[in-house]
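Peer 1: Here is what each chain is made of, one letter per residue.
Protein chains: 2
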Amino acid sequence: MRASERAYAALRSDIIEWRLTPGTVLGEVELSERLGVSRTPIREALAKLSAEGLAKPQSGRGVVVSEISLDHLDELFELRSALECRAAELAAQRGDPAVFRALYEQLVNAGELLTSEDPTRYDYYRLVGELDTAVDAAVGNHYLNLALKNLRVHLVRVRRLGKDNPTRLRDAAREHAAIALAIANGNAAVASAATTVHLDNSLRHLLGTAAQELAHHHVSPEKGTP
Amino acid sequence: MRASERAYAALRSDIIEWRLTPGTVLGEVELSERLGVSRTPIREALAKLSAEGLAKPQSGRGVVVSEISLDHLDELFELRSALECRAAELAAQRGDPAVFRALYEQLVNAGELLTSEDPTRYDYYRLVGELDTAVDAAVGNHYLNLALKNLRVHLVRVRRLGKDNPTRLRDAAREHAAIALAIANGNAAVASAATTVHLDNSLRHLLGTAAQELAHHHVSPEKGTP
DNA sequence: GCAAGACCTTTTGTATACATAAATTGTGTA
DNA sequence: TACACAATTTATGTATACAAAAGGTCTTGC
Numbered sequence: 225m226r227a228s229e230r231a232y233a234a235l236r237s238d239i240i241e242w243r244l245t246p247g248t249v250l251g252e253v254e255l256s257e258r259l260g261v262s263r264t265p266i267r268e269a270l271a272k273l274s275a276e277g278l279a280k281p282q283s284g285r286g287v288v289v290s291e292i293s294l295d296h297l298d299e300l301f302e303l304r305s306a307l308e309c310r311a312a313e314l315a316a317q318r319g320d321p322a323v324f325r326a327l328y329e330q331l332v333n334a335g336e337l338l339t340s341e342d343p344t345r346y347d348y349y350r351l352v353g354e355l356d357t358a359v360d361a362a363v364g365n366h367y368l369n370l371a372l373k374n375l376r377v378h379l380v381r382v383r384r385l386g387k388d389n390p391t392r393l394r395d396a397a398r399e400h401a402a403i404a405l406a407i408a409n410g411n412a413a414v415a416s417a418a419t420t421v422h423l424d425n426s427l428r429h430l431l432g433t434a435a436q437e438l439a440h441h442h443v444s445p446e447k448g449t450p
Numbered sequence: 225m226r227a228s229e230r231a232y233a234a235l236r237s238d239i240i241e242w243r244l245t246p247g248t249v250l251g252e253v254e255l256s257e258r259l260g261v262s263r264t265p266i267r268e269a270l271a272k273l274s275a276e277g278l279a280k281p282q283s284g285r286g287v288v289v290s291e292i293s294l295d296h297l298d299e300l301f302e303l304r305s306a307l308e309c310r311a312a313e314l315a316a317q318r319g320d321p322a323v324f325r326a327l328y329e330q331l332v333n334a335g336e337l338l339t340s341e342d343p344t345r346y347d348y349y350r351l352v353g354e355l356d357t358a359v360d361a362a363v364g365n366h367y368l369n370l371a372l373k374n375l376r377v378h379l380v381r382v383r384r385l386g387k388d389n390p391t392r393l394r395d396a397a398r399e400h401a402a403i404a405l406a407i408a409n410g411n412a413a414v415a416s417a418a419t420t421v422h423l424d425n426s427l428r429h430l431l432g433t434a435a436q437e438l439a440h441h442h443v444s445p446e447k448g449t450p
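One line per chain: the protein sequences are A and B, in this order.
So the first sequence is numbered by the numbering used here: it starts at 225 and just counts up by one.
So the second sequence is numbered by the numbering used here: it starts at 225 and just counts up by one.
Because the hints were derived from the structure by calculation, they are not lab data.
By construction, the Cβ of each residue, glycine as well, lies at the ideal position given by its N, Cα and C atoms.
Do not take every clue at face value.
What the hints assert, rightly or not - In silico DSBU-like cross-links for lysine-lysine, where the CA-CA straight-line distance does not exceed 35 Å: (1) A:K387 with A:K373; (2) B:K373 with A:K387; (3) A:K280 with A:K387; (4) A:K373 with B:K373; (5) A:K280 with A:K373; (6) A:K387 with B:K387; (7) B:K387 with A:K373; (8) B:K373 with B:K280; (9) B:K373 with B:K387; (10) B:K280 with A:K280; (11) B:K280 with B:K387; (12) A:K280 with B:K373.
Unchecked claim - Computed spacing ranges between beta-carbons, pair by pair: (13) A:G286 with B:R428: 46 to 56 Å; (14) A:G286 with B:H366: 14 to 24 Å; (15) B:R428 with A:P343: 44 to 54 Å; (16) B:E336 with A:E291: 42 to 52 Å; (17) B:A413 with A:H366: 26 to 36 Å; (18) A:L294 with B:E257: 49 to 59 Å; (19) B:D388 with A:S262: 46 to 56 Å; (20) B:S262 with A:E329: 56 to 66 Å; (21) A:A326 with B:S293: 27 to 37 Å.
Between the sequences and the hints, there should be enough to build the whole structure, so can you do that?
Peer 2: Structure, rendered in structure tokens:
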């Protein structure tokens, strides 16, 4: 694996998993020492992160981990709604009903995956991710998929803002099941509407629980690893 | 201005304006000699172009100007429809009616801008661009605007595929006027529908005239400047 | 005591040299 | 003659040295 890719992957996961908090300054020399590579691959990694929106160039000098604020949440979900509603419509028109019916069956029982044994909710999020993947495959649109992929990077980062709430996750699974069912039935209008409802519920839940989390994480610009 | 920015801007306009055709290999040494800078800023420029989708890394080795095919056109317009329809809806809800009424007045008379004096249609496309800008401002969504900006890069590139057809441009102006009017009236549903109609007309016109153009441009991978 | 300017430090931008990997070409053998 | 393997060549990946710019600090003058 190339050093620039390793650096990129390391920084990316550090940012997504909140080990590097918003506002953290990403100095080239510091990172090159910490990751054990020269500045050249570090610069390439930072450029890629900036293009993705996970970091952004500080006015003229320096790169910092980009902010996630409550205002951003509204805007993020507005874009998400535009893309995912259309994706759901197209999947309903083009997808294989059997695939989505199978996903529906799994999703209605997804509550069972929410055991206290797995605090990271690995299996739960894997199943939800499978629905996303199936929708992407059914849509079969390179550009739309790319836009969704770019968006999901930020959504994973946002997920950490919400408290782990099994009740909400169970509801969310039911909403996902409704989407899968509408797609399986080939009903584009219902698929879109179910997506709208799901996203609205998710956003309101996040806004309700995220305020204190943000206040905790969103400290003034600091330097180095937390 | 930094050398990497100059290189990026030069390559970007070369690609958008078809001086570098799809499939052209972008060699680092060749470009560094042609543009008179070292490989380092060239690499940075190529990374940025790849992130934008204007170029893409050849399997493992080399970077080439990305392709534009008829299949891509369908997919590109599908994403465009998702983003612009939603943007039009939001602009109708949030925009200043006076701004869009003024744009409407200009757009209904846009046919007058299509003189034979200006074969590049500068004033025409500037006015259409003003509508885009006004919609972006009215929507006020950073993420949605960014997604639209990334998309428009490819649309400018695609524009060259269609023949210059004053009749179609006049029709397109009327369609834009209809969108502006719906936004001015605060009617989100009509704004979205008018956008859908406009994009469908544009796509069908492009597909009708682009086949021979593509056949002309889409030669097998070549090297160097055309 | 405050402000302005110069210098010094720190960090980024660029060039270049070197290492490494991939593609192509040439040669040998079947 | 065709295929395979190896060597050469060419391009990319990485490191490092140097240059330039931005920010901070210290000093000096008012």
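Peer 1: For each hint, tell me whether it holds in the structure or not.
Peer 2: Hint by hint, here is what the structure shows:
A hinted pair counts as satisfied when its Cα atoms are at most 35 Å apart, and K387 (chain A) with K373 (chain A) qualifies at roughly 24 Å. Restraint check: the Cα-Cα separation between K373 (chain B) and K387 (chain A) comes to about 34 Å, which is no more than 35 Å; the hinted pair holds. For a cut-off of 35 Å, the pair hint linking K280 (chain A) to K387 (chain A) stands: about 27 Å separates their Cα positions. A distance of roughly 16 Å separates the Cα atoms of K373 (chain A) and K373 (chain B); the hinted pair therefore holds under the 35 Å criterion.
Taken as a hint, the K280 (chain A) and K373 (chain A) pair is honoured in the structure, with Cα atoms around 19 Å apart against an allowance of 35 Å. For the proposed pair K387 (chain A) and K387 (chain B), the alpha carbon gap of about 55 Å is over 35 Å, so the pair is violated. The suggested pairing of K387 (chain B) with K373 (chain A) holds, with an alpha-carbon distance near 34 Å, which does not exceed 35 Å. Pair hint K373 (chain B) plus K280 (chain B) holds up; C-alpha atoms about 19 Å apart against a cutoff of 35 Å.
In summary, the hint linking K373 (chain B) to K387 (chain B) is supported, as the alpha carbons are separated by about 24 Å, within the 35 Å threshold. Under the criterion of a C-alpha separation no larger than 35 Å, the hint pairing K280 (chain B) with K280 (chain A) is consistent with the structure, at around 22 Å. The suggested pairing of K280 (chain B) with K387 (chain B) holds, with an alpha-carbon distance near 27 Å, which does not exceed 35 Å. For the hint linking K280 (chain A) to K373 (chain B), the alpha-carbon distance of about 17 Å falls within 35 Å, and the restraint holds.
Checked against the hint of 46 to 56 Å, the C-beta distance between G286 (chain A) and R428 (chain B) comes to roughly 48 Å, which is consistent with it. The hint said 14 to 24 Å for the Cβ distance between G286 (chain A) and H366 (chain B), and at roughly 21 Å that hint holds. Separation of R428 (chain B) from P343 (chain A) is about 53 Å and conforms to the stated range, judged on CB atoms against 44 to 54 Å. For the pair E336 (chain B) and E291 (chain A), the beta carbons lie near 46 Å from each other, so the given range of 42 to 52 Å is met.
With their beta carbons about 29 Å apart, A413 (chain B) and H366 (chain A) fall inside the hinted range of 26 to 36 Å. Between L294 (chain A) and E257 (chain B) the beta carbon distance is about 50 Å. The supplied range of 49 to 59 Å therefore holds. Hint check: D388 (chain B) to S262 (chain A), Cβ distance near 50 Å, so the stated range 46 to 56 Å holds. Roughly 58 Å separates the CB atoms of S262 (chain B) and E329 (chain A), a value that falls within the hinted 56 to 66 Å.
As the Cβ distance of A326 (chain A) to S293 (chain B) is approximately 33 Å, the hint placing it in 27 to 37 Å holds.
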